[in-house]
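> Letter by letter, the chains look like this.
2 protein chains.
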Amino acid sequence: MTKRYYFLFILLFAFTANAQNIQWTQVQPGVWKAVIGKPEAYDLLKASGATPATTGLQQMGKADFPLQQQDISARIVDGKVYLRFPLQKEEQLFGFGLNFQTVYQRGKILQLHVDHFGGKDNGRTHAPTPFYVSSKGYGVFVNAARYINVYAGSAVRKDSKNPPVEKDRNTDKSWASRPYSDAVEMLVPAGGVEVYVFSGPTAMDAVRRFNLFNGGGVLPPRWGLGFTQRVKTLYTADEVKAEAKAFEEKGFPLDFIGLEPGWQSKAYPCTLEWDKTRYPDPAAFVKEMKEKGIRLNLWTNPYISSAASYYKDLLPYTGSHTVWTGVVPDFTLPQARNTVFGQMKKSQVDIGVSGYKIDEVDGYDHYLWPDVATFPSGLSGEQMRQTFGLLVQRYTADIYHQKNQRTYGLVRASNAGGVSMPYVIYDDYYNHEDFITALINSGFAGVLWTPEARASKTAEEWLRRMQTVVFSPMAMINAWSSGTKPWSYPEVADQIKAMATLRMQMMPYWYSAFARYHFEGIPPFRSINLEEGFSYEPKKESVNKNLEENPYAEAVSKEIKDQYMAGDALLVAPLFAGQTSRKVVLPKGKWYDFYTGAYAGNGEVITVTPGLDKIPVYVKDGSIIPMMPPMLHAPKKGEKVDLEIRYYGEKPGQYKLYDDDGETFDYEKGQYTWRDITVTKDNNGQLKGTISAPVTGKPNTVGNVTWKWMGK
Amino acid sequence: MTKRYYFLFILLFAFTANAQNIQWTQVQPGVWKAVIGKPEAYDLLKASGATPATTGLQQMGKADFPLQQQDISARIVDGKVYLRFPLQKEEQLFGFGLNFQTVYQRGKILQLHVDHFGGKDNGRTHAPTPFYVSSKGYGVFVNAARYINVYAGSAVRKDSKNPPVEKDRNTDKSWASRPYSDAVEMLVPAGGVEVYVFSGPTAMDAVRRFNLFNGGGVLPPRWGLGFTQRVKTLYTADEVKAEAKAFEEKGFPLDFIGLEPGWQSKAYPCTLEWDKTRYPDPAAFVKEMKEKGIRLNLWTNPYISSAASYYKDLLPYTGSHTVWTGVVPDFTLPQARNTVFGQMKKSQVDIGVSGYKIDEVDGYDHYLWPDVATFPSGLSGEQMRQTFGLLVQRYTADIYHQKNQRTYGLVRASNAGGVSMPYVIYDDYYNHEDFITALINSGFAGVLWTPEARASKTAEEWLRRMQTVVFSPMAMINAWSSGTKPWSYPEVADQIKAMATLRMQMMPYWYSAFARYHFEGIPPFRSINLEEGFSYEPKKESVNKNLEENPYAEAVSKEIKDQYMAGDALLVAPLFAGQTSRKVVLPKGKWYDFYTGAYAGNGEVITVTPGLDKIPVYVKDGSIIPMMPPMLHAPKKGEKVDLEIRYYGEKPGQYKLYDDDGETFDYEKGQYTWRDITVTKDNNGQLKGTISAPVTGKPNTVGNVTWKWMGK
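Those protein sequences? They're chains A and B, same order as listed.
At position 170 of the first sequence (counting the first as 1) the number is 173 in the numbering used here, and the numbers step up by one without a gap.
At position 498 of the second sequence (counting the first as 1) the number is 501 in the numbering used here, and the numbers step up by one without a gap.
Isolated chain A, as found in the complex (with noise of 0.2 Å):
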């Protein structure tokens, strides 16, 4: 051996000598687990509390490992988790969080990094789940709550098995500012770290074991999908029941309504104490409004005043900084949570508070705790940075668990283990085309978003975006600055008591389409691209050509972001303020119109020109929609209500609608039915549809049932 060759050697010895031998080991019906090194007792599995729905894995089965194990590599440099996985040529990445501006994540670099979203797709969102799916059919999971560096196909390794070609950009035009890169390689800042690979065989099934190996969807009550309205920050007992007397005289569905911090004896920091001039008597308050059939939800934030009587128990269990003053409870401790949602639990929930919206446990940098701060428990600024939106979500929720109520809110960080949780993602961002994006990409990061409408500037945008609210997780107006109302565009009011009658008559389905999400891992509102018969890459375009104002020549993804799947029946493809027609990408199979069940189109991309009243939706060939006939509230627990079953296309249809108490966890316990409906065509071509019998026994909400043949 030369000298040389010798150091060569050495080198490569060093190279490799912390390479980590990676053991999988299936630990749910396709779902396989890695630990690299020694993982740190806190992850994100931990601080969510979330347990595998078994019964949902096993329905799916076993699977084989997705992927050549050869080819993912592992190792711990710099006291640093290095991962690898492989790409093929034709692969697409989705997912890594809620993204806002992108669905195709392939040639990302992000840090996945809890915060409000800032403009930009770079990984710092209200929920970083750190997992992506695979248009191949296979899902990655990193369970890390630390801030994870991710190159998702942009890095190229001297050593990779598919290089890209080296080119000369002094002669060559083909030459391009990003070679092709065949993995996706993380920096986990930790010494060790566990992983787990979901198995196909499609990207949908992928998804599905994630959901469910975190827990399931959840199952919100019936009323949550029904409309919200949020008031003004100081608005008053009599000017919120003022607020739902207006809607129930003009006809407007409302189920809840969210007070802003106005409720509060102080906000910023908060006292989560009610606020005795604006609300002299709680109970008495949430009681009759409950009679009215509206329930309350609450606003706060977690950063605790020294005004709040239970400041000085709290204190020993708050982190070094505050945020606005107010000081940070340590929610890993027991004492933090016994005071802080103790104080919940009896001052608000026990009155019959619904629920809460709980703000600004993201971010962003400014307000929030720096990554210095350190807690009692021992978690680091960045650990609590990325679970606190976790454990304000299980905690507040054990609260309602605890009482056998099922609740529905809001909240603004998540992150992987909190699918289960019965929030909904907002935002103080208000780009249209962006919320429905973000929408899209819900259904990757194992969590619910909603396009809420604050106001608009005029009444066209205003009734595209009530549009999309309720064909979204929460049909909801933030109206906490604006006081807008339904029908504050009066061009407009007709059509959006229309649009949010409709999401009240589609409640069947929006439930079913929920207890899919809960039993089987489907998110109800998800990416065109899960599918089937849907394919699309995007396109690189050079947008621009001159090299004083782009030097490396960089072109543009050109993607489908602005359409998605409501269920598995409906592609929504909505319109923004100012556009009077769009394209609509149809995936292969026949679909047609929603309203009028006429024939669209067959995989193919369509131009609709919709006018103003409507949004465009699209069912799928054989599709079953259950509906009940427009109400002012959700059904309550026991009360039936009749069915319209619509029927769409030609195919054989086949629909199992989900009924329970609409209100309790007694489905934990067996209390639920699928009914299964069916529509078929006898010999004449005459369509006949039938549902199954109720179960003796258990929940049956359903009335008289009529048919409707659309389109026929």
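Treat the hints with care, as some may be off.
Identical copies go unnamed one by one, so any copy, or any two together, can satisfy a pair.
Unchecked claim - Cut-off 27 Å, straight-line C-alpha distance, at most; resulting in silico cross-link-like pairs (DSSO-like, lysine-lysine): (1) Lys293 <-> Lys643; (2) Lys139 <-> Lys542; (3) Lys591 <-> Lys684; (4) Lys488 <-> Lys176; (5) Lys161 <-> Lys315; (6) Lys684 <-> Lys711; (7) Lys548 <-> Lys460; (8) Lys349 <-> Lys244; (9) Lys639 <-> Lys488; (10) Lys349 <-> Lys295; (11) Lys123 <-> Lys543; (12) Lys123 <-> Lys561; (13) Lys176 <-> Lys279.
These are computed hints drawn from the structure, not numbers from a lab.
Since we're looking at a predicted model, the values are computed, not measured.
Since the structure of chain A is already known, use the hints to place chain B on it.
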């Protein structure tokens, strides 16, 4: 002790157990060092090889520790160093690297990270120097080759000595989203770190001590301060000769020409070998150009093509990842250095090439190696990212130093430790206002910056840009893409020529200013905030009171970031395209118009309407500006030039004129002089100027001396 208090005690103990006892040692006069934990073997000073300029430091003298030591804390948490420094109420902070949009840094949150400037001052920049200066007259430097998180007076600790007042946002209109903070906190992601504190008494003193501790500023060759033009990428030797000829014929000064990627046989990735089709005889070409008074500067980036003749030798000493398919030399290894810099020496420096433009050693992430990259020396991707610019500067500078020949080039990344490097930073970004703010901040970051001109939309913009280029460390047109010449906008060609000529005439002034940078640590281009008699506090203004759009009622800071000092005498206040007049804040003391000597003001805000031809420049009372005759090329070694010494104002004038051979490092062996120039008024009010005699045996380039009493 009750159980509760016992528990509290345990918690407090856990909180403080890892607090570090900080020992401050005066390692140089007025320079204090503390070692926290176990610092890493590799840091910014080691990467750069910077050694203190002890003579300059000794001349400044000893000084007390500028802070209360007990107000500084350090602790090791989560394997990282958490630092805390105090802030007083009226204290302002400057520095934290080459920021582009803000000068006042108090309240900022940054992650110091080598990168190109991405449009926002967030810590990612070409020179994220971990050094800040306080208006109270001290500086702090964290010597870590890591991504350092900085909370520059943003975070609030529970145990703060000066906590912000708690307010109720519900009712208190004075509530602010960013409560008062009395500390700078920093997170250094390493198990230990060296920290330095620089004494004042003034902020300028702290800057000087920092610069001198880093070796003192660069002293460029005289030709480096002349005019430079960069030609189009694929120019041939003949085209370059024609370019030089055109400058000569049109009477535009020119000292060096920059060749862009086309001089290499392949570029992106690079060979560092001449392209023999465009440059058939490099040695003859370089020699011929030099004889015409034109030096050559060569573009490169250090990502090496497999087509390079030395590729196989280099390969074992390169990182795990490629950049544009080129390998990344690990320049901390002598083998990599010998190969790459050996090639540059042999092929280019030895035939007379005067310097380099070293591109793309900054970022951005999509082009550079990822943080999961490994290097054969064992350095992490992060450490290499923070220091790669330092390494290429250091070892290319060494080639020239070994030849006793000064160089002056361009680089796109630096850091602390790089103060004495013969390089100026540039960027692809092109906002003129931000270029000036960067120029201001360069003086706090231990780097030089050029607001290069490339092309412009209008003749007006071109002239405005060129007016600032000539008042900067490098008077450059970077026409790699556009091919723009100084005379490309005929309407303003005469004015441009006048500006370029002025640049040459001022060379004695520039050269002495750089000598003060080198020997005394005074940045040649710097913030007005370092000027005695200047005071300004940025004002917070609520610009958007719409809570829907600005939910936290964030106020915007109004700064002064568009005027700067050029040497000790000149206040430069540029106009930007579209402006016809501007405000100028004059520090206390009398100021005079640079062009006429007319009195301009004293400690006041003046509004000036200088016309298109002029860039407003003001001269401090009693200032002396040495000028030379208009020349097309810088004086050669040994060449004598006449001096016209201009005097402004009323106060007695004192000036130190620096002189040496202008090309070699003989000044390091004492081959230089400072000649005293004084202006006094005799009893009759007659001005009288004197210049001290040249020193025998030392270089003397001064020919005839004439005096000009400006404004008299």
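> State whether the alpha carbon distance between lysine 639 and lysine 488 is at most 27 Å within one copy, between copies, both, or neither.
within (25 Å within a copy, 78 Å between copies)
> Are the CA atoms of lysine 488 and lysine 176 at most 27 Å apart within a copy, between copies, both, or neither?
The answer is between: 26 Å across copies meets 27 Å, while 56 Å in one copy does not.
> Regarding lysine 123 and lysine 543, is the shortest C-alpha distance of 27 Å or less found within a copy, between copies, in both, or in neither?
both (19 Å within a copy, 26 Å between copies)
> Reference check for the pair lysine 548 and lysine 460, CA-CA at most 27 Å: within, between, both, or neither?
This pair counts as between: shortest inter-copy Cα distance 16 Å, intra-copy 35 Å.
> Give the relationship of lysine 349 and lysine 295 under a CA distance limit of 27 Å: within one copy only, between copies only, both, or neither.
Classified as within: same-chain Cα gap 23 Å, cross-chain 89 Å, threshold 27 Å.
> Could you figure out if lysine 176 and lysine 279 sit no more than 27 Å apart (CA to CA) within one copy, between two copies, both or neither?
between (72 Å within a copy, 20 Å between copies)
> Measure nothing new, just compare the shortest in-copy and cross-copy C-alpha distances for lysine 123 and lysine 561 to 27 Å and report within, between, both or neither.
both (16 Å within a copy, 25 Å between copies)
> Between the shortest in-copy and the shortest cross-copy C-alpha distance, which are at most 27 Å for lysine 684 and lysine 711: within, between, both, or neither?
within (14 Å within a copy, 105 Å between copies)
> I want to check one pair: lysine 591 and lysine 684. Are their C-alpha atoms no more than 27 Å apart within a copy, between two copies, both, or neither?
Result: close within a single copy only, 23 Å intra versus 93 Å inter.
> Is the C-alpha distance from lysine 139 to lysine 542 at most 27 Å within one copy, between copies, in both cases, or in neither?
within (19 Å within a copy, 55 Å between copies)
> Quick one: lysine 349 to lysine 244, C-alpha cut-off 27 Å, is that within a copy, between copies, both, or neither?
Intra 23 Å, inter 86 Å, cutoff 27 Å: intra-copy only.
> Within a copy, between copies, both or neither: where do lysine 161 and lysine 315 come within 27 Å Cα-Cα?
Classified as between; 13 Å across copies, 58 Å inside a copy.
Checked against the numbered hints above, the structure breaks none of them.
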